[in-house]
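Peer 1: One-letter residues, chain by chain:
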Amino acid sequence: MTVGKDVSALFPDVVNCMQTDNLELKKLVYLYLMNYAKSQPDMAIMAVNTFVKDCEDPNPLIRALAVRTMGCIRVDKITEYLCEPLRKCLKDEDPYVRKTAAVCVAKLHDINAQLVEDQGFLDTLKDLISDSNPMVVANAVAALSEIAESHPSSNLLDLNPQSINKLLTALNECTEWGQIFILDCLANYMPKDDREAQSICERVTPRLSHANSAVVLSAVKVLMKFMEMLSKDLDYYGTLLKKLAPPLVTLLSAEPELQYVALRNINLIVQKRPEILKHEMKVFFVKYNDPIYVKLEKLDIMIRLASQANIAQVLAELKEYATEVDVDFVRKAVRAIGRCAIKVEQSAERCVSTLLDLIQTKVNYVVQEAIVVIKDIFRKYPNKYESVIATLCENLDSLDEPEARAAMIWIVGEYAERIDNADELLESFLEGFHDESTQVQLQLLTAIVKLFLKKPTETQELVQQVLSLATQDSDNPDLRDRGYIYWRLLSTDPVAAKEVVLAEKPLISEETDLIEPTLLDELICYIGTLASVYHKPPSAFVEGSRGVVHKSLPPRTGSSESAESPEAAPSAGQAAEQPAVIPAQGDLLGDLLNLDLGPPVSGPPLAASSVQMGAVDLLGGGLDSLLRSDVGGSPAMGGSGFTAPGPAAPAGMGAPLGSGLGDLFDLTGGVGTLSGSYVAPKTVWLPAMKAKGLEISGTFSRQVDSISMDLVLTNKALQVMSDFAIQFNRNSFGLAPAAPLQVHAPLAPNQSVEISLPLNTVGSVMKMDPLNNLQVAVKNNIDVFYFSTLYPLHILFVEDGKMERQMFLATWKDIPNENEAQFQIKDCSLNADAVSSKLQGSNIFTIAKRNVEGQDMLYQSLKLTNGIWVLAELRIQPSNPSFTLSLKCRAPEVSQYVYQAYDAILKN
Amino acid sequence: MKMIHSLFLINCSGDIFLEKHWKSVVSQSVCDYFFEAQEKAVDVENVPPVISTPHHYLISIYRDKIFFVSVIQTEVPPLFVIEFLHRVADTFQDYFGECSETAIKDNVVIVYELLEEMLDNGFPLATESNILKELIKPPTILRSVVNSITGSSNVGDTLPTGQLSNIPWRRAGVKYTNNEAYFDVIEEIDAIIDKSGSTVFAEIQGVIDSCIKLSGMPDLSLSFMNPRLLDDVSFHPCIRFKRWESERVLSFIPPDGNFRLISYRVSSQNLVAIPVYVKHLISFKENSSSGRFDVTIGPKQNMGKTVEGVVMTVHMPKAVLNMNLTATQGSYTFDPVTKVLTWDVGKITPQKLPNLKGIVNLQSGAPKPEENPSLNIQFKIQQLAISGLKVNRLDMYGEKYKPFKGVKYITKAGKFQVRT
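Protein sequence lines correspond, in order, to chains A and B. Under full-length UniProt numbering, think of the first position of the first sequence as 1, with each following residue one higher. Under full-length UniProt numbering, think of the first position of the second sequence as 1, with each following residue one higher.
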């Protein structure tokens, strides 16, 4: 605005003008401040007073303007002074001011995140989601989403059916931009069943008729995502599919930039649900004056939609495009014809004749592209179209691109027996062997070897020539290696060579460039974003997207499943759930595979059969190397026949003894405050039947500051077992072995060994379902075995879990009521004091005890290893053996497991 | 999340003539990536709208010979940005009568005020023309004279009333002496006609643009004779969607002034009448440096209305040097640099069909052009909506006066192409 001149020297003078009543001047002064405050932080303080004053101006326009400008002044010194005015503005009576203030919180968070959290602005912002004014709601959602982006772990936008309802109401009434924010926020919600998904879809559908294309695409995203949960038999599912087509087509009549983004997204949608646009082929026909980026995208979608029904039209169009001016586009069109031939078998013949027509045009690049695709058609339909080879050979001389030359050479080699002068043709290529690109050289080598195997008599000289060229005169290691392999093969066993070189080729797949299904599912969740334009997940390219949460499509639920009430789960109890959590071997393999292969794949599980082999290998290898590096000595020890002195091995000694003590204390009625926490009896985790004779049973225990997994390994096979190692999959609390599994001697048949494996909680974290599920891989000299188990949550209760009284009261009030969960602990006859001391043994601390109307109320706190506090209120009626437990926690999903821990501790 | 970091306006010769930063300042050098892409694209229209750079993303639109290049740092919906940029261009158009470099430079203070008002911290704030005009008054000669004498400003000092009501698009207290409501039903035919004259693809893109100057808070409902034609529609936010779903009536409280009420698409092929036909013969002789060109345009299925404003443009192949043609009607020009032939035909009279024919001169020695040029046809038909859409009636509730009502129909060629 200043045409590049630095006018910061005028700062004091400009600030003097700030108190003007002229609104235009005031706005300009504010603009100036935003630009120059950073360079003159000391001077900027002078402006603070005016801001504070303006925030109390009777005119809401000025209040809003002040709060808006404040947030744009990125000077640390000033920000502190702005908290009070901001707080006032967030509660302003005028919604215009409130909505401006909501955005200001996001600005402030960008400058000083800690300050925003300390001042409690985030909670105020959350309250604004329930504001009566839809504009305020939309801006609050926008601000929260922005803040949540830099805090992926926090559940700022913790959506529940009530807040969803508020958002849907606001959706109808707010501005188009607000609608986008709200729709994007809705897309992150996971409806609890298909009925909820359908009702959200019904209320979002009207947005498809909005004039703003960004609103339309965001609505499409929500629908595509939630549709995943609807059953395909539902009438509504069909209706929804029909409703999606027109808005997508309408996007294509907009400006070319919009078209481009729309087309990139349609490309994804067509791959996910081809049925939506299957009748709309024609809208993707290319106009000659479309920008090139639009043309190429349209072409891609045309091929994806090509089917037997419309192939004639598509081919006619493609042929038309092949005579256009733009070379890139023409090439892609020719390639598209080939892809159609491969995709729609019935059309192959027509495609081939179209390609031959195009070859007749003699336009150089058209001919070359045509030959490249004809090669693929030969691969797909062997022995069908070889009659055209003669026509192809006529154009041999005009080929100057490596890919086309390589394709032609491949054809000559593959059909050498049908081409009379194949040797001459190949020989002509051989003359300039060293000037060819590697691709052509490799192809030529193979082709001549094929020719030799087919017509050995006339071509011996030729093959020797090419082998010596490839092996002696070439610097390219690939070429040399391939040359040597052929040479050896031919010289040692020509029959084997024939089997190798002329082996039947696997058929090429129909669609070569489909996006991998798991990635596709993830991308569907990102419709309308940059990710959808680049067809890559945001984690792959967005800068600063640390810890971007991988999104996945919701699983389809039948209505029968939805009938299962959530309250039923806790009462079913731990024992009943146990068998259900042990997943099938295949699933587990998929999961454990992730240990080695990076981030978890979302969406449908990988086809188990295809990965199983790989997984075993990988893990086996991993465990082997782990074993070698960590317990290198043990196999050698086993080999020398060293007899192990049982559980008295020095390292293993401390822990089991300790746990024994814990048991002892427990038996004596929980008097000891020093004792370790409650330890459940051992259960069988891995039956011998499933693990080739190895039986593993165990439990978890906690002593002061240490967790351990107490295992009993029993050898029920006839063979000695050795080389034990253990590894955990990522889990909710990062449990991981703190030391390698120490089995000091080979385990003889019918022998068992007790081991206490120390654990820590610094492993990598992945949320499991159920939360306390732990997947374990154990390896021995026979195989790798997988099992999963549930650990009781109380092993994670830390010793400093006692909260101050005041703190407890404040926190209890602070945690919203939605987070409160209530449970019944039945058939427990202990009195309040016994309960209290028993729980204290397991690090559940009683902070206060009150007697209200004959009931004992215990207020308790505990802290998990990852710092989550859980507050509890336990109501005990002397006459009633049923206790009522109310749990409050910022992460309500742990409540159920805390309850299970309570239940287990109190009943033992 | 949705943050437009900065905006650069760049003219066709590559000068950055305006920049605006909503968060911290991003150096102009980020535009180098844009220039690079522009160079690669050759034609200005072919610059890709989304460009990634090591630290930012550039999302751009090209409008009226100006590139609006926005800088984005995080994952955002690109459509959101593109829509917003178009809205900015629309606003400039609305305020200054044209969206040109000169207009923007002449009104630079208003431009900054507008940009500041439209976007806050990357969040769109006020983009409705009605609201913006209450906040920042558009420049007029009279007002600038008055302002310079009285010292008053262009900036409104009260909160726009519509901003927070449930009808944010309308300002309160509107008063007119003549109350008028006009609707223009404008339909554009997009079509591809192949060599033989049959229709490869055709659809109608229709809009209803309204100019409503009514006092108070009028509640209008517009009904059609044949609403079933409208099955793919986009609505202005003022339209009550439920009412449309159940009764097929457009019921709304209109914004004040000009706005687009709905846009719609009619696609089923048989419904789309093609009002003109083209007979053409364009051929190049092998081994000689000339070719023939003969094109006739005639009316077809025009419901008895006159086809007027006919213009044909053809991008001739590169090898064409010049053209010697005779037009029986209208005039033609051929630009030897861009190779664009333009024939301004005017009105078609069925008795004497316009024809353009003659010789095409090619570069000597150049190979015969492979591609056949497509003919791009523009035309206009007054008083006709080619889809057959007809307004039935307009009713007004909520106000007592009797408004003056008017409906106008017009059909135009959109992207109407004939392949040869």
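It is possible that part of the hints are untrue.
From the derived model, a few chain A residues whose C-beta atoms are all more than 10 Å from chain B [stated by the list, open to error]:
1. 71
2. 175
3. 214
4. 246
5. 262
6. 289
7. 325
8. 356
9. 393
10. 396
11. 738
12. 748
13. 804
14. 893
Quick list of in silico lysine to aspartate or glutamate cross-link-like pairs, EDC-like style, CA-CA up to 20 Å [said to hold, decoys possible]:
15. A/243 with B/245
16. A/343 with A/202
17. A/242 with A/202
18. B/339 with B/399
19. B/40 with A/326
20. B/105 with B/64
21. B/105 with A/24
22. B/318 with A/516
23. B/318 with A/320
24. B/339 with A/324
Covered stretches of chain B (chain A as the covering partner; in silico rule of three or more C-beta atoms under 8 Å from a C-beta of chain A) [said to hold, decoys possible]:
25. 44 to 51
26. 199 to 210
27. 223 to 231
28. 248 to 260
29. 275 to 289
30. 338 to 349
31. 396 to 408
No lab work stands behind these hints: they were computed from the structure. None of these values were measured; they are calculated from a predicted model. The C-beta atom is built at its ideal place from N, Cα and C for all residues, glycine as well.
Peer 1: Does each hint fit the structure? Answer for all of them.
Peer 2: Taking the hints in turn, this is what the structure says about them:
With a least beta-carbon separation of about 7 Å from chain B, residue 71 of chain A fails to lie farther than 10 Å from that chain, contradicting its non-interface assignment. For residue 175 of chain A, the requirement that its beta carbon stay farther than 10 Å from each beta carbon of chain B is not met, with the minimum near 6 Å. Residue placement check: residue 214 of chain A does not keep its beta carbon more than 10 Å from all beta carbons of chain B (closest about 4 Å). The claim that residue 246 of chain A is not at the interface with chain B is violated, since a C-beta of that chain comes within 10 Å of its own (minimum 4 Å).
At roughly 7 Å, the least C-beta separation between residue 262 of chain A and chain B is not larger than 10 Å, which violates its mark as non-interface. Separation of residue 289 of chain A from chain B is inadequate, the least Cβ-Cβ distance of about 7 Å not exceeding the 10 Å criterion. Residue placement check: residue 325 of chain A does not keep its beta carbon more than 10 Å from all beta carbons of chain B (closest about 5 Å). With a cut of 10 Å on Cβ distances, residue 356 of chain A stays outside the contact zone with chain B, its closest approach being about 17 Å.
With a least CB separation of 23 Å from chain B, residue 393 of chain A remains clear of the 10 Å interface cut-off, as annotated. With a cut of 10 Å on Cβ distances, residue 396 of chain A stays outside the contact zone with chain B, its closest approach being about 20 Å. The claim that residue 738 of chain A is not at the interface with chain B holds, since no C-beta of that chain comes within 10 Å of its own (minimum 38 Å). Under the 10 Å C-beta cut-off, the non-interface status given to residue 748 of chain A relative to chain B holds; the minimum distance is some 59 Å.
Listed as outside the interface, residue 804 of chain A is consistent with that label: its C-beta sits roughly 38 Å from the nearest C-beta of chain B, beyond the 10 Å cut-off. Under the 10 Å C-beta cut-off, the non-interface status given to residue 893 of chain A relative to chain B holds; the minimum distance is some 25 Å. Distance hint between residue 243 of chain A and residue 245 of chain B is fulfilled; the C-alpha atoms sit about 13 Å from each other, no more than 20 Å. For a cut-off of 20 Å, the pair hint linking residue 343 of chain A to residue 202 of chain A is broken: about 36 Å separates their Cα positions.
Among the hinted pairs, residue 242 of chain A with residue 202 of chain A is consistent with the structure: their alpha-carbon atoms are about 13 Å apart, no more than 20 Å. Taking the CA atoms of residue 339 of chain B and residue 399 of chain B, the gap is about 58 Å. The hint is violated against a cut of 20 Å. Under the criterion of a C-alpha separation no larger than 20 Å, the hint pairing residue 40 of chain B with residue 326 of chain A is consistent with the structure, at around 14 Å. Distance check on the hinted pair: residue 105 of chain B and residue 64 of chain B sit about 15 Å apart at the alpha-carbon level, within 20 Å; holds.
For the hint linking residue 105 of chain B to residue 24 of chain A, the alpha-carbon distance of about 19 Å falls within 20 Å, and the restraint holds. With a CA separation close to 42 Å, the supplied pair residue 318 of chain B and residue 516 of chain A exceeds the 20 Å bound. At most 20 Å may separate the alpha-carbon atoms for a hinted pair to count; residue 318 of chain B and residue 320 of chain A meet this at roughly 19 Å. For the suggested pair residue 339 of chain B and residue 324 of chain A, the alpha carbons sit about 15 Å apart, so the restraint of at most 20 Å is met.
Restraint check on the region 44 to 51 of chain B versus chain A: 5 residues with Cβ-Cβ distances below 8 Å, three needed, restraint holds. Closer than 8 Å: that is the beta-carbon criterion, and the region 199 to 210 of chain B has 4 residues meeting it against chain A, so the requirement of 3 holds. A count of 1 residues in the region 223 to 231 of chain B with a Cβ less than 8 Å from any Cβ of chain A is obtained; the coverage claim is therefore unmet, three being the minimum. Coverage of the region 248 to 260 of chain B by chain A is violated [criterion: at least 3 residues with CB-CB distance below 8 Å; count 1].
Counting residues of the region 275 to 289 of chain B whose CB falls under 8 Å from any CB of chain A gives 0; the rule of at least 3 is not met. Counting residues of the region 338 to 349 of chain B whose CB falls under 8 Å from any CB of chain A gives 0; the rule of at least 3 is not met. Judged by the Cβ-Cβ criterion of 8 Å, the region 396 to 408 of chain B is not covered by chain A as claimed, because only 0 of its residues qualify and three are needed.
Comparing the model with each numbered hint stated earlier shows that hints 1, 2, 3, 4, 5, 6, 7, 16, 18, 22, 27, 28, 29, 30, 31 do not hold.
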